[in-house]
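Number of protein chains: 2
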Amino acid sequence: MGAMRAAGAARGVALAAALATAVALAVAAWRRARPVREVLFFPSRPCCIEALLAEAAEPGAPARPCPCPLPSGDTALSRLVRRLLSARRSLDLCLFSFSCPLLARAVQLLHRRGVRVRLVTDAQYMGMHGSQIGRLRHAGIQVRHDQHSGYMHHKFAIVDRRMLITGSLNWTTQAIQSNRENVLVVEDAEYVKAFQDEFERIWEEYNPANYSFFSERQ
Amino acid sequence: MGAMRAAGAARGVALAAALATAVALAVAAWRRARPVREVLFFPSRPCCIEALLAEAAEPGAPARPCPCPLPSGDTALSRLVRRLLSARRSLDLCLFSFSCPLLARAVQLLHRRGVRVRLVTDAQYMGMHGSQIGRLRHAGIQVRHDQHSGYMHHKFAIVDRRMLITGSLNWTTQAIQSNRENVLVVEDAEYVKAFQDEFERIWEEYNPANYSFFSERQ
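Quick mapping for you: the protein sequence lines, in order, are chains A and B.
Counted the way the working numbering counts, the first sequence spans residues 5 to 222.
Counted the way the working numbering counts, the second sequence spans residues 5 to 222.
Check the hints yourself; a few may be wrong.
[Claimed, not checked] Heads up, simulated EDC-like pairs for lysine to aspartate or glutamate below, C-alpha to C-alpha not over 20 Å straight-line: (1) A:K197 to A:E208; (2) A:K197 to B:E42; (3) B:K197 to A:E191; (4) A:K197 to B:D192.
[What the hints assert, rightly or not] Every beta carbon over 12 Å from chain A, so not counted as near; a handful from chain B, in silico: (5) P47; (6) R92; (7) R93; (8) G131; (9) V147; (10) G171.
[Said to hold, decoys possible] From the structure, some residues in chain A lie toward chain B, with a derived Cβ separation under 8 Å: (11) F45; (12) P47; (13) S153; (14) Y155; (15) F160; (16) R166; (17) T170; (18) A179; (19) S182; (20) N186; (21) A193; (22) Y195; (23) V196; (24) Q200; (25) I206.
Simulated from the structure, these hints should not be mistaken for laboratory data.
Computed from a predicted model, the values in this text were never measured in an experiment.
Quick reminder that beta carbons are idealized off the backbone N, C-alpha and C, glycines included.
Please construct the entire structure, taking both the sequences and the accompanying hints into account.
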């Protein structure tokens with residue numbers, strides 16, 4: 005009787021363990037499959053994202069501590085950078101103003117890693133003091149801009165044609181550190197498609213082959 | 005036999021009609037219940053929204069044709085105005101720049117109709133040429149603004165604590181008519197809560213009781 009009870013108890017424990025493992029696996033799978041839905045508010049708390057950039061540049065390389073005094077915790081900026089650095093195939097950027105050197109480094113890094121980066125920006129803002137557009141063009145990234153009096157005022161990014169990052173935030177250090185801003189990060193096929201279509205429309209419209217110049221109009 | 009066949013056919017027709025009605029009712033109920041998920045892109049095609057404003061001011065009153073030559077069709081602007089005018093209890097506005105007279109009329113109309121309107125804006129932009137903030141304050145609408153060097157750069161509205169309207173669009177005529185802009189309209193409890201919480205934080209932070217003045221600092 006004692007041996008039978010012990011065998012029964014052992015079977016019970018094994019069953020419970022198997023059940024617990026199955027539940028844990030199901031939860032992990034659900035977490036992986038659950039689409040991203042994130043709202044980020046700025047100003048971001050000050051933070052250092054050097055470790056994030058280093059890890060993206062050389063995955064698995066031993067971490068070198070950054071000498072700056074800023075914490076490298078979880079902030080709106082670090083979350084934004086993480087989402088951007090998750091790109092594997094493509095990054096489509098539609099940005100009114102892009103003068104934040106940190107975000108430019110992240111974009112350049114993706115370009116070097118072989119991610120296809122396309123950038124649409126505003127003609128009147130791309131030459132402003134501190135603009136990163138020239139640096140990105142110099143690095144070989146394709147950039148197109150408008151030719152209108154109206155602004156190309158969007159501030160969105162699409163990662164791998166899968167994740168939309170959009171809001172009020174221009175990619176400037178002032179906006180990240182000092183302004184009240186919002187950014188939505190969504191993996192939602194319907195929203196991504198609407199913004200991807202808008203990106204492709206603008207990309208074609210701003211094709212340099214369509215630019216008109218004053219001399220041609222004479 | 006003929007009479008039986010005719011009766012059978014009549015029963016069949018009645019059953020089909022009842023089924024069709026049930027399906028139509030179910031579809032209508034599903035449409036009503038389905039949360040709003042809309043993406044609006046600007047510039048908006050030119051349109052006249054006088055009929056929309058008149059209907060909101062005096063529901064059911066006979067329509068008076070507007071003498072302007074613009075069409076009154078379905079555009080990004082008319083959709084935005086329709087969503088705003090659907091407010092019944094509250095409208096919380098968090099707007100960097102508000103100089104579009106048409107949108108100011110829509111907001112004033114809601115205020116007159118008894119909707120509780122609260123408006124947060126940016127101190128440096130509220131005094132700009134064409135700003136509607138003075139007019140709205142004069143109409144009795146509560147307005148609060150920041151006291152910082154950073155911008156209050158949000159551009160969102162929350163209708164009845166239920167529908168979020170957010171994007172890149174400042175509420176200016178230039179943005180609506182000339183810029184490339186986006187606006188998301190979503191009835192999504194999670195996103196609404198995040199933005200409503202941000203609104204309440206800012207509303208409290210910008211309480212005039214917290215303002216500091218130069219003379220006090222001396």
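Hinted pair K197 of chain A and D192 of chain B, Cα distance within 20 Å: holds (19 Å)
Interface hint compliance - S153 of chain A to chain B, C-beta minimum distance less than 8 Å: holds (7 Å)
Status of the Y195 of chain A interface restraint (C-beta, 8 Å, chain B): The hint holds - Y195 of chain A has a Cβ within 8 Å of chain B, the shortest such distance being about 6 Å.
Hinted contact F45 of chain A with chain B - closest CB pair below 8 Å: Holds, about 6 Å.
Assertion that P47 of chain B lies outside the chain A interface [Cβ separation over 12 Å]: violated (7 Å)
Assertion that G131 of chain B lies outside the chain A interface [Cβ separation over 12 Å]: Non-interface label stands for G131 of chain B: nearest chain A Cβ at 18 Å, farther than 12 Å.
N186 of chain A as chain B interface residue, shortest Cβ-Cβ below 8 Å: At 6 Å from the nearest chain B Cβ, N186 of chain A passes the 8 Å test, so the hint holds.
Hint check, T170 of chain A versus chain B [nearest Cβ-Cβ separation less than 8 Å]: For T170 of chain A, the interface hint holds, since the closest Cβ of chain B sits about 7 Å away, which is under 8 Å.
Supplied contact hint for V196 of chain A, tested at 8 Å Cβ to chain B: violated (10 Å)
Interface hint status, Y155 of chain A versus chain B (Cβ within 8 Å): Interface hint status for Y155 of chain A: holds (5 Å vs cutoff 8 Å).
Status of the A193 of chain A interface restraint (C-beta, 8 Å, chain B): violated (11 Å)
Interface hint for I206 of chain A, Cβ within 8 Å of any Cβ on chain B: holds (7 Å)
Checked against the numbered hints given earlier, the structure breaks hints 5, 10, 16, 21, 23, 24 and satisfies all the rest.
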